[in-house]
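Visitor: Protein chains in written order, with the numbering used here: chain A, 547 to 826; chain B, 5 to 384.
Certain hints may be false.
Some, not all, of what chain B presents toward chain A, calculated at C-beta under 7 Å [what the hints assert, rightly or not]:
hint	residue
1	N214
2	S215
3	L359
Sample of chain B residues facing chain A (criterion: CB under 8 Å; computed from the structure) [what the hints assert, rightly or not]:
hint	residue
4	G93
5	V160
6	A176
7	D180
8	P181
9	I183
10	K186
11	Y234
12	N249
13	S271
14	N324
15	F325
I should point out that these hints are in silico values taken from the structure, not numbers from a laboratory. Small disclaimer: the values here were computed from a predicted structure and weren't measured. Built from N, CA and C at the ideal position, the CB exists for glycine as well.
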Amino acid sequence: MNGRFRNTMLVLGLGFLYIPILSMVVFSFNNSRLVTVWDAANSPTLKWYAALLDNAQILGAARLSIEIAAATATGAVVLGTLAGLALARFGPFRGRAFLSAMTTAPLVMPEVITGLSILLLFVALEQAIGWPDGRGFLTITLAHITFCLAYVTVVVQSRLAGFDDSLEEAALDLGARPATVFWRITLPLILPAIVSGWLLAFTLSWDDVVISQFVAGPSASTLPMVVFSKVRLGVSPDINALASLMVLIVAVCVVCSTLWMRRRERQRQREEQMARAAGG
Amino acid sequence: MINVPVRAAAAVLIAFTLAACSGKPAADKSAEATANAPEEKVLNVYNWSDYIEPGVIAAFTKETGIKVNYDVFDSNEMLETKLLAGNTGYDLVVPSGSFLYRQIKAGVHSTLDKSQLSNLGNADPAIAGRVAKAFDTDNAHSVNYMWGTSGVGYNVKKIKERMPNAPVDSFAMFYDPKIVSKFADCGVMLLDAPSEVLGTVLIYLGKDANSEKPEDLAAAEKVLLSVRKYIRNFNSSAYIEALANGEACLALGWSGDVLQAKSRAESAKNGVEISYNVPKEGAVMFFDQLAIPKDAKHPKNAHLFINYLLRADVAAKNSNFIQYANGNAASKSMIDASVTGNPNVYPSEAMMQKLVPDLPESPEFNRLLTRSWTRVKTGQ
Chain A
547 MNGRFRNTML
557 VLGLGFLYIP
567 ILSMVVFSFN
577 NSRLVTVWDA
587 ANSPTLKWYA
597 ALLDNAQILG
607 AARLSIEIAA
617 ATATGAVVLG
627 TLAGLALARF
637 GPFRGRAFLS
647 AMTTAPLVMP
657 EVITGLSILL
667 LFVALEQAIG
677 WPDGRGFLTI
687 TLAHITFCLA
697 YVTVVVQSRL
707 AGFDDSLEEA
717 ALDLGARPAT
727 VFWRITLPLI
737 LPAIVSGWLL
747 AFTLSWDDVV
757 ISQFVAGPSA
767 STLPMVVFSK
777 VRLGVSPDIN
787 ALASLMVLIV
797 AVCVVCSTLW
807 MRRRERQRQR
817 EEQMARAAGG
Chain B
5 MINVPVRAAA
15 AVLIAFTLAA
25 CSGKPAADKS
35 AEATANAPEE
45 KVLNVYNWSD
55 YIEPGVIAAF
65 TKETGIKVNY
75 DVFDSNEMLE
85 TKLLAGNTGY
95 DLVVPSGSFL
105 YRQIKAGVHS
115 TLDKSQLSNL
125 GNADPAIAGR
135 VAKAFDTDNA
145 HSVNYMWGTS
155 GVGYNVKKIK
165 ERMPNAPVDS
175 FAMFYDPKIV
185 SKFADCGVML
195 LDAPSEVLGT
205 VLIYLGKDAN
215 SEKPEDLAAA
225 EKVLLSVRKY
235 IRNFNSSAYI
245 EALANGEACL
255 ALGWSGDVLQ
265 AKSRAESAKN
275 GVEISYNVPK
285 EGAVMFFDQL
295 AIPKDAKHPK
305 NAHLFINYLL
315 RADVAAKNSN
325 FIQYANGNAA
335 SKSMIDASVT
345 GNPNVYPSEA
355 MMQKLVPDLP
365 ESPEFNRLLT
375 RSWTRVKTGQ
């Protein structure tokens, strides 16, 4: 393959992915209320950023979304890591196929079905045992954990499948208890997978709208729900401003986490080599 | 985007609730038991997005000390799904007429305590009468909030360029292939609301808008298929933005939404002039109704809020802001003349006679309609 072809494809591919986002950022500085009209005389302006800071509804929804996403990611990572460990390390135990199928089912389940079934479950539970009392933060988080769990499990499981379990065996041979092996050997090794699982769950929860809509209660509207219901009358440009800020934050986070993971990966390889050299 | 699956979910829930609706007396009793206890100063409202004057809620809180949690939805289907699942946590919801009818049948809404609604006298008897006849017998469960029509929204300049003598006050704009074909290049949009659009076609054909005869449906489908290739898409919300920025020049839309497109284009000063007409053949009318779910935890506060919305000055504020006609006769003198004087928002008496509500259809007809609608949308 020649270099020019490759470069053209790269530019086209990147353009396809990023031009829509760039245009949104550009239009967040547009003075006109209409998205398609570029008001050249008065642009660029920061007025939509100012309007955004005044919009208590959107800011409140954004804060709620961040809290839900963080709680979801943490919960899903704990459960997903346990499930991933069980599937990758515990051999062919009884019910393994069942567990494997059940944890990954939400990957292929239509969101409407997941949302509706969880809603019905919550309503039935409330009638039967009085919990959860009403719907809101807690129910949205639980519902999000349900579908994010599958993604974390898959990520952790494939990471575990990809590394040499002789490291764990060596630790066991040297007298470490299984719990110590987990905390000192396994966990540090799969940490990159856990971090990316956490980020993945955070993102999935952050932009979910269908499931949230089903299980949300009074005064618990997440940001995507607010944006989506505003679309009825056309998105106002302060949403562009908000989205631009989010793109900025996400970009910073992604760059940091990539750098961190790359450094860790190199360190791990170095350590493995040293261990091999010492052992050989 | 999510409407179709949500619609399906709502249908499942309706079947479910209708089958089980007699099995819920326990919940009703507990609601009655708490009816006399003082309520905490909270009210949970679930309304359409951008459907209230922003200052109204703050003013209500200031007057009563009741904190309002105001959430919004963007489709009747979503509201219905939540209502039928039960325990929504909402004290006041705003379904449209035919949805309200089904929800009342499923036992979702409580009867209003009219002794708590001292401002009910402001309500327009003509509107309340129509609602009582079509959806809510004796207005026992609901009070009208806003009403409107679906009609012709158009870009004045673009239509004139293409057809100087276009019949902009007629459904022929959409349903006569010879006419609509002239506007295909500048963007024609129809609502994605099967029973309402069917109603408009039937009116155009001179038939009863709520006819459930299979041959009328077939005739309407034939009309829609004959103009299908000139219609850019079917959508119930995107046309506001599309009209305002000139991407579409003709839309079958809801009155207030088209007028919001008009004011949006005016404030953008992009040279787009939008106008709305109630077709001379008559039109389909919709009603958005305030109702209190049976399992509401704060029914007294909900009554207080309905009563507040019924105040003439408050209703006028809302109508001025969202540009829909309200069902409040006393407020009419306080609404801007640009709204009340617009015969396309407040139609003349003769026109009112030609407006028909979009009645709920039977499940059998609904199936036929859905199938026919799919054929129209896919153009087969």
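Visitor: Hint by hint, say whether it matches the structure.
Guide: Going through the hints against the structure:
For N214 of chain B, the interface hint is violated, the least distance from its beta-carbon to any beta-carbon of chain A being 26 Å, above 7 Å. For S215 of chain B, the suggested interface contact is broken, since its CB lies about 30 Å from the closest CB of chain A, more than 7 Å. Annotation: interface hint on L359 of chain B violated; nearest CB of chain A at approximately 23 Å, more than 7 Å. Hint on G93 of chain B holds. Least Cβ distance to chain A is approximately 4 Å, under the 8 Å limit.
Interface hint status for V160 of chain B: violated, as the beta-carbon distance to the closest one in chain A is roughly 17 Å, over 8 Å. For A176 of chain B, the interface hint is violated, the least distance from its beta-carbon to any beta-carbon of chain A being 28 Å, above 8 Å. At its closest, the beta carbon of D180 of chain B sits 30 Å from a beta carbon of chain A; the interface hint therefore is violated under the 8 Å criterion. The interface hint given for P181 of chain B is violated, since its Cβ lies 30 Å from the closest Cβ of chain A, which is over the 8 Å cut-off.
For I183 of chain B, the interface hint is violated, since its Cβ never comes within 8 Å of a Cβ in chain A; the closest pair sits about 27 Å apart. Interface hint at K186 of chain B: violated, since its Cβ lies 24 Å from the closest Cβ of chain A, which is beyond the 8 Å cut-off. Annotation: Y234 of chain B was flagged as interfacial toward chain A, and the flag is violated, the nearest CB pair being 23 Å apart, outside 8 Å. Given hint, N249 of chain B at the interface with chain A, holds; its Cβ is 4 Å from that chain's nearest Cβ, closer than 8 Å.
Checking S271 of chain B against chain A: minimum C-beta separation of about 6 Å stays under 8 Å; hint holds. The interface hint given for N324 of chain B is broken, as the beta carbon of that residue sits about 16 Å from the closest beta carbon of chain A, more than 8 Å. For F325 of chain B, the interface hint is violated, the least distance from its beta-carbon to any beta-carbon of chain A being 12 Å, above 8 Å.
In this structure, the hints that do not hold are numbers 1, 2, 3, 5, 6, 7, 8, 9, 10, 11, 14, 15, in rising order.
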